[in-house]
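With the hints as extra help, turn the sequences into a complete structure.
Number of protein chains: 2
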Amino acid sequence: MADLRTLFRPTSVAIIGASKAEGKVGNSILKNVINSGFKGDIYPINPKETEIAGLRCYQSISQVKAELAIIVIPTSGVLAAAEECGKNGVRSLIVITAGFKETGAAGAKLERELSEICNRYSMLLVGPNCLGVMDTRTPLDASFAPKFALPGDIAFISQSGALGSAILDWSVQRGLGFSKFISLGNKAGLDETDFIEYLAGDPDTKVIICYIESITGGQRFMDVAHAASKVKPIIVFKSGTSAAGARAASSHTGSLAGNDRVYETVFKQCNVMRVKKLDDLFSLAVTFTSQPLPRGNRVAILTNAGGPGIITTDNIETSELTMAQFSDRVTKALKAGLPETANIHNPVDVIGDARADRYAYAMEHILSDENVDSMLVLLTPQKVTQPDETARALVDIRSRHPEKPVLASFMGGELVAGAVDYLEKSGIATFPFPEPAVGALDGITRYANWRKRAEEGGEEILTPPPDRQRVAAVFEAVRKDARTNLIGSEAARVAEAYGIPAAPSVLARTAEDAVSAAEKMGYPVVLKLAAPKIQHKTDLGGVKLNIKCADDVRKNFDEIISTVRAKMPDAQISGVEVQKMMPPGREMIIGMSRDPQFGPMIMFGLGGIYVNLLKDVSFRMAYKLTRRQIEDMIKETKAYTLLRGFRGEAPADIDAIVDAIARIARLTLDFPEIAELDINPVFAYEKGLSALDVKIMLAPPKETGKEEVASGVTPGSAVAQ
Amino acid sequence: MADLRTLFRPTSVAIIGASKAEGKVGNSILKNVINSGFKGDIYPINPKETEIAGLRCYQSISQVKAELAIIVIPTSGVLAAAEECGKNGVRSLIVITAGFKETGAAGAKLERELSEICNRYSMLLVGPNCLGVMDTRTPLDASFAPKFALPGDIAFISQSGALGSAILDWSVQRGLGFSKFISLGNKAGLDETDFIEYLAGDPDTKVIICYIESITGGQRFMDVAHAASKVKPIIVFKSGTSAAGARAASSHTGSLAGNDRVYETVFKQCNVMRVKKLDDLFSLAVTFTSQPLPRGNRVAILTNAGGPGIITTDNIETSELTMAQFSDRVTKALKAGLPETANIHNPVDVIGDARADRYAYAMEHILSDENVDSMLVLLTPQKVTQPDETARALVDIRSRHPEKPVLASFMGGELVAGAVDYLEKSGIATFPFPEPAVGALDGITRYANWRKRAEEGGEEILTPPPDRQRVAAVFEAVRKDARTNLIGSEAARVAEAYGIPAAPSVLARTAEDAVSAAEKMGYPVVLKLAAPKIQHKTDLGGVKLNIKCADDVRKNFDEIISTVRAKMPDAQISGVEVQKMMPPGREMIIGMSRDPQFGPMIMFGLGGIYVNLLKDVSFRMAYKLTRRQIEDMIKETKAYTLLRGFRGEAPADIDAIVDAIARIARLTLDFPEIAELDINPVFAYEKGLSALDVKIMLAPPKETGKEEVASGVTPGSAVAQ
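Quick mapping for you: the protein sequence lines, in order, are chains A and B. Its first residue numbered 412, the first sequence is counted upward by one per residue in the numbering used here. Its first residue numbered 412, the second sequence is counted upward by one per residue in the numbering used here.
By construction, these hints were calculated from the structure, which means they are not laboratory data. Please read all numbers here as calculations on a predicted model, not as lab measurements. Be careful, since some hints might not be right.
[Said to hold, decoys possible] Here are the simulated BS3-like cross-link-like pairs (lysine-lysine), alpha carbons at most 25 Å apart as the crow flies:
| # | chain 1 | residue 1 | chain 2 | residue 2 |
| --- | --- | --- | --- | --- |
| 1 | A | K794 | B | K459 |
| 2 | A | K617 | A | K679 |
| 3 | A | K1046 | B | K1026 |
| 4 | A | K966 | A | K931 |
| 5 | B | K687 | A | K687 |
| 6 | A | K687 | B | K459 |
[Said to hold, decoys possible] Pair ranges (Cβ atoms, derived):
| # | chain 1 | residue 1 | chain 2 | residue 2 | range |
| --- | --- | --- | --- | --- | --- |
| 7 | B | S730 | A | P935 | 49 to 57 Å |
| 8 | B | Q584 | A | K794 | 24 to 32 Å |
| 9 | A | P995 | B | S730 | 38 to 46 Å |
| 10 | B | Y934 | A | A893 | 54 to 62 Å |
| 11 | B | D768 | A | K794 | 52 to 60 Å |
| 12 | B | R879 | A | K794 | 51 to 59 Å |
| 13 | B | S810 | A | E731 | 46 to 54 Å |
| 14 | B | D768 | A | K435 | 19 to 27 Å |
| 15 | B | P994 | A | D981 | 36 to 44 Å |
| 16 | A | V795 | B | T729 | 40 to 48 Å |
Note that the Cβ used here is the ideal one computed from N, Cα and C, for glycine as well.
If you want it as structure tokens, here you go:
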């Protein structure tokens, strides 16, 4: 892990390209460093000046001793300046200057050279093409953002400088504080993963929030995010979902797995919370910083009007939260102390004429109930309502129950403004309407649940172990044949080598070969044309089912060959595959598609011919896939309902499916040359399963070099976008 | 339609229960009427006072001539006061007083009496148990809300007084104006439908927004909302979705159709826009009042930063909107006038150093493009950005293109506050972040599209016409038999009478009857136990398939009877049904469940044994169901993909399905005694279809009286909640 101390809390800062000219970036940054209250040494560097903003200006970085240097000179001079920084002991470099990768090939080359210089001197690098960084505790504003962030507990990483800038401005108006702000720029050096890793251990940061457009070094991100999310919440807004359609799709799995699906799956697997609205990024973060984690899902609602209570209950029903059922003690107390027309069950309605004392009575009892994990207080300003006094009572009572999250939605404008302000300042998360309050409470509750069941990411021990050599031999033969698609019997052999029970399948070149294969495996059998380049074999008359004797094998063998020869005289035919006809089971699909950043993604769902119609599938990344995650994956589908025994059927062997998925995950991690894999259908039985039709496609040989290394080492060059 | 002039714009107002005591509701209302600037006569009525708030106070309503009376006296005196109002020529009554239906049976009785008094004198009634009404144009504040609404073009109907009160307070702070505000209360007289009908013709109202918890008089609501939504947008926030689970479900259709599904379906069918967040109710309404309706779906995005452009594009992809493709002329102009690094294609990025003039150049060209229907302008405050000047340029350019909606998201706080304020005042809808802007633009675009294809709600002419008498005869026989479930042959007869092709089915009491039925319809046949109270006939051994000769009919007949007799000696067995075995087709389901308020709701989707697993179904109300709506309904399902011809299959006869659905809609409207109907499967063929298993359940006799009258007349008593 990189030590980012010299970036966020340097003893000294040099600004290379500091300028006297008002409005220039080199002037803004110098002023921001000074005005932020930075207590270390500040060295403006500019050969044309002797003094800027009251500070002595230096000719060159060699004249000073700076831990952090910020470069704001034109692109052409950046490499030389970086080199000089390296020679003169600079530890961290922020390159504000643009004109690198974002401008095309020449810029990308320049950026690689910049990165190499920093590597050579072991200098940390932020940017190029970024806004800079801030640390409100140091304090240090090493950016040209228009406003220095207010101090707070949220660290904010942004891949868009402009968006970061807008949000900083907005946050100051809203009174929202940050511990650190980081503009990632082109990520030639440090990227989101490096910062998340560092921030996980940063005592000033309670929550990490990120705006990102792409992630590089996928498996390292998964390692880091998985570990960091056990320590503190990570909330991500990931844009660029509309790129989804771009990906080529030749298999079922490929066509059902878009690019955004990979990110969705990765975040889920690493307990990274994804929000779909920028606003939610902050409302959720604020709730995390102000509230303890709830011990469970049981929410109590307190209101002085029916409507808002109903709205809140509606929203809770579609969340992971549940409505708390009060203990007898509390129910009795509410009954004794509230008016007869009040509703004493959750949602508790103290009704329209409730003053602060009635609210206080109800709050005290509800919060003290051991059946209540969190409380949401709603208030509408009615005739005798006392918003300010109610707020004070809430803060007071809450101080005696600090272990439970308390959220409030005091609805209205001027009439509740003072109360809302007081609640926010006193550590109660407030929301203008009930729905976002439920959303935020749901968010922190989900995170708390994740944390409770946080698990190690270790791989399963597979018994019996897979036979790697046997698979390698099959692939070598396919390569020698200058093919990328495996024929069925080859794919079945690969599956078997990894302990996945495939229906026995043998390639027969002649009718007599077919007969002897059939006799060996036992009738009935299926005959299938073996021709790697022909897709729709059934439509061509290339598949014959339920063959029960040797004569029929011969007859059907000849028929397949002659039919196909007649229809496609030039087709390359390897022969006919003889497959044992398996008893029917519940039809599932297991598949894999590979992402260049994150590696293999496994798919599971309802199989059969309607896979693409029904789209009942779920996904997990193969990397560090655990048994529990596989179980979750299965449970997410309707296929699970079928497997458990639908309409009185006996349950199917779900353990066998979990095992098969774990084995496919291992296979696709072990062999990066597998580009796509589809088993459809898998027949699930009461005991065991059978992989009926295994399809494996290898990557074209030239592409194998591009594969992500499974060990977690990030390739040097940025491949994203 | 009720003329509500005397409610919203009376010449004179009496406040019965006006009070001198500060803090009393009778005091607040009087003050609100006075302070709202009401120009007519104001009469405080209170036998104990001679003067209140500087106005002469009267002993009784008989001493004055008031068009509108507001009653705020205790519950016990309300009926007498209402009677007196009626006698003295009051035209409209607002009953603020609570203590009616909401308190139980005695209150409900009181409320019915109140309603009868009003009917007797043809007095309009709002409430009881309400906050009152406001009209900002009259002006008149006839409520005890803490704030009088700002004037505006939005009419706001609220079933929750407290929520209405909170939102009025909030709206004043936000600068949001209303034409009218209506607190519905218990709806003993006027309800949401009456107000929507009136507001559709109200020149002061551009948009109608409603917070509702229940709708009474379902089919009248559908008539009114369907007509009103053609004139102006209606936006609804409906709470109480969590009641969904409460409904009993004995059929497929019943179990898939929750209570909220009915509302969802009704709103869709009437072009009522439903929002799921209170905030959206207002942001969408404001967009409607400030923007023209777009002529199409094509949006142009203009930004000065990549990130927000990506976010916006992501959101557009999941909406009904499309990204505009600029004309060659505009593309050339953008290329000529923008810097080389700018993105001249949609989303247009004028990049970070854009000043107002560059924004203006791009906006002018984009808005003038005939390929652009609406524009969304994004701005982040960067180094040289000019938010104020850009806002002014935008307003100026927009004034030359008033026919296109223009929305803006100037992100930030203080730096953009002035610009945002100016834009809002100048008729540009603004949003703090891009996502809600896309949501609002999507909303007005969907509404514009609906309006364009607005259609008459007339029923289809069915040829050949259904045979009502034949169905009535079947039901009479079932009733005589003291049953509610039809056996298969009866249900098939009902289907046939309405022109729905059902598989021929005959009830046989003896084996010989069965043989002669089979010979008549032709082999193969299916034999099914006929026993109305036995549900799972297959599991009992009560179903025999694919019977091909007379001997097998005899053998299987006897086997069914003896097996069932052995297992269930006391079962009431009507005989065995002989059904023609139909060739397999694509399996669909058509069903109906009945809602007490809105009548029959029709379901269509993928059929077969996995209906409840796959849940691939869509819904429409039978009432005024048109051919086009049925087509839409089919297109919403995955079953449609299957019907069109999936994986190379020939398309199925979709016209036949449309016809069958129209006939089932008619059947269930004609016979309110049909409680549930399920046809599963329907086999769809290349030509025609066959209803395989028709299940019809009648309502228990005592319940028939409760049925909604199909003519659209609302029952007198409020049945909701």
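How the hints compare with the structure:
Distance hint between A:K794 and B:K459 is fulfilled; the C-alpha atoms sit about 24 Å from each other, no more than 25 Å. Between A:K617 and A:K679 the alpha-carbon distance is near 20 Å, which keeps this suggested pair within the 25 Å criterion. About 17 Å separates the Cα atoms of A:K1046 and B:K1026, which keeps this hinted pair within 25 Å; it holds. Taken as a hint, the A:K966 and A:K931 pair is honoured in the structure, with Cα atoms around 18 Å apart against an allowance of 25 Å.
A C-alpha spacing of about 16 Å is found between B:K687 and A:K687, which places the hinted pair at or below 25 Å, so the restraint holds. A C-alpha spacing of about 61 Å is found between A:K687 and B:K459, which places the hinted pair above 25 Å, so the restraint is violated. Between B:S730 and A:P935 the Cβ separation comes to about 53 Å, which falls inside the hinted range of 49 to 57 Å. The hinted window of 24 to 32 Å between B:Q584 and A:K794 is violated, with their beta carbons roughly 19 Å apart.
The hint said 38 to 46 Å for the Cβ distance between A:P995 and B:S730, and at roughly 43 Å that hint holds. A hinted range of 54 to 62 Å holds for the C-beta pair B:Y934 and A:A893, which are about 56 Å apart. Range check, B:D768 to A:K794: about 55 Å between beta-carbon atoms, so the 52 to 60 Å window is met. At about 57 Å, the beta-carbon gap between B:R879 and A:K794 stays in the expected band of 51 to 59 Å.
One distance hint, 46 to 54 Å for the beta-carbon pair B:S810 and A:E731, holds here, with the actual separation near 49 Å. A beta carbon spacing of about 21 Å between B:D768 and A:K435 agrees with the range 19 to 27 Å that was offered as a hint. A beta carbon spacing of about 38 Å between B:P994 and A:D981 agrees with the range 36 to 44 Å that was offered as a hint. Judged by the Cβ atoms, the range 40 to 48 Å given for A:V795 and B:T729 holds: they are separated by roughly 45 Å.
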